[in-house]
Structure formats: structure tokens, C-alpha cells
Amino acid sequence: DIAGWAENDRGVSFIFGPDVVTSFLQKHDMDLVCRAHQVVEDGYEFFAKRQLITLFSAPNYCGEFDNAGAMMSIDETLMCSFK
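Heads up: the sequence shown is residues 1 to 83, going by the numbering used here.
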């Protein structure tokens, strides 16, 4: 795990640590960041003590990954569930 920001292995973007997520949420008075556009094996994946979730809805992406797809629903009490 890293703290703060760092260049990714390819040197074309950045990665960030859980501390960055916590700081962002506090600054913007939010509880959760939901992001996409990254393949994750089970279709969804938590990070930073469940303060950030990555969703990916395309199963078996491009025939190259053996990943599941997922969908997140949020009810009126802000409870998240996954299918």
C-alpha cells in the first residue's frame, strides 16, 4: 500500500493511497466514492476501508478477462447492494 500519490508503473497516470480517499471524503462531506473503468475480478471491489468502490459491469471483458460484472443499487436509506 502507498500513502499519498505516486506515478503508476507505466508512468502515464497516478495511483493513490487510502489517505487520499479519506481526505477527499472529509473535504467534500461525503461517505463513499464510486468509480468505474477498471476491470475487477468480482465486478466490484472495495478500497480504503470500504470508503471507495470500483464497479465494472462488463463480464468476461473483451474475451480476455475471466471477470464477473456487477451492478450496485442504492436504496432510500443509502444502503448499497450488489448483483
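Note that these hints are calculated values from the structure, not bench results.
Bear in mind that the values here come from a model prediction, so they are computed numbers and not experimental data.
Just so you know, even glycine gets a beta-carbon here, dropped at the ideal spot from N, CA and C.
Possibly wrong hints are sitting among the right ones.
Unchecked claim - Simulated restraints on C-beta separations:
| no. | residue 1 | residue 2 | range |
| --- | --- | --- | --- |
| 1 | TRP5 | GLU76 | 31 to 37 Å |
| 2 | SER73 | GLY11 | 20 to 26 Å |
| 3 | ASP75 | PHE14 | 31 to 37 Å |
Taking the hints in turn, this is what the structure says about them:
Between TRP5 and GLU76 the C-beta distance comes to about 36 Å, which sits within the given range of 31 to 37 Å. Against the hinted window of 20 to 26 Å, the Cβ-Cβ separation of SER73 and GLY11 comes to about 37 Å, which falls outside the hint. The hinted window of 31 to 37 Å between ASP75 and PHE14 holds, with their beta carbons roughly 34 Å apart.
Consistency with the previously given hints fails for number 2 only.
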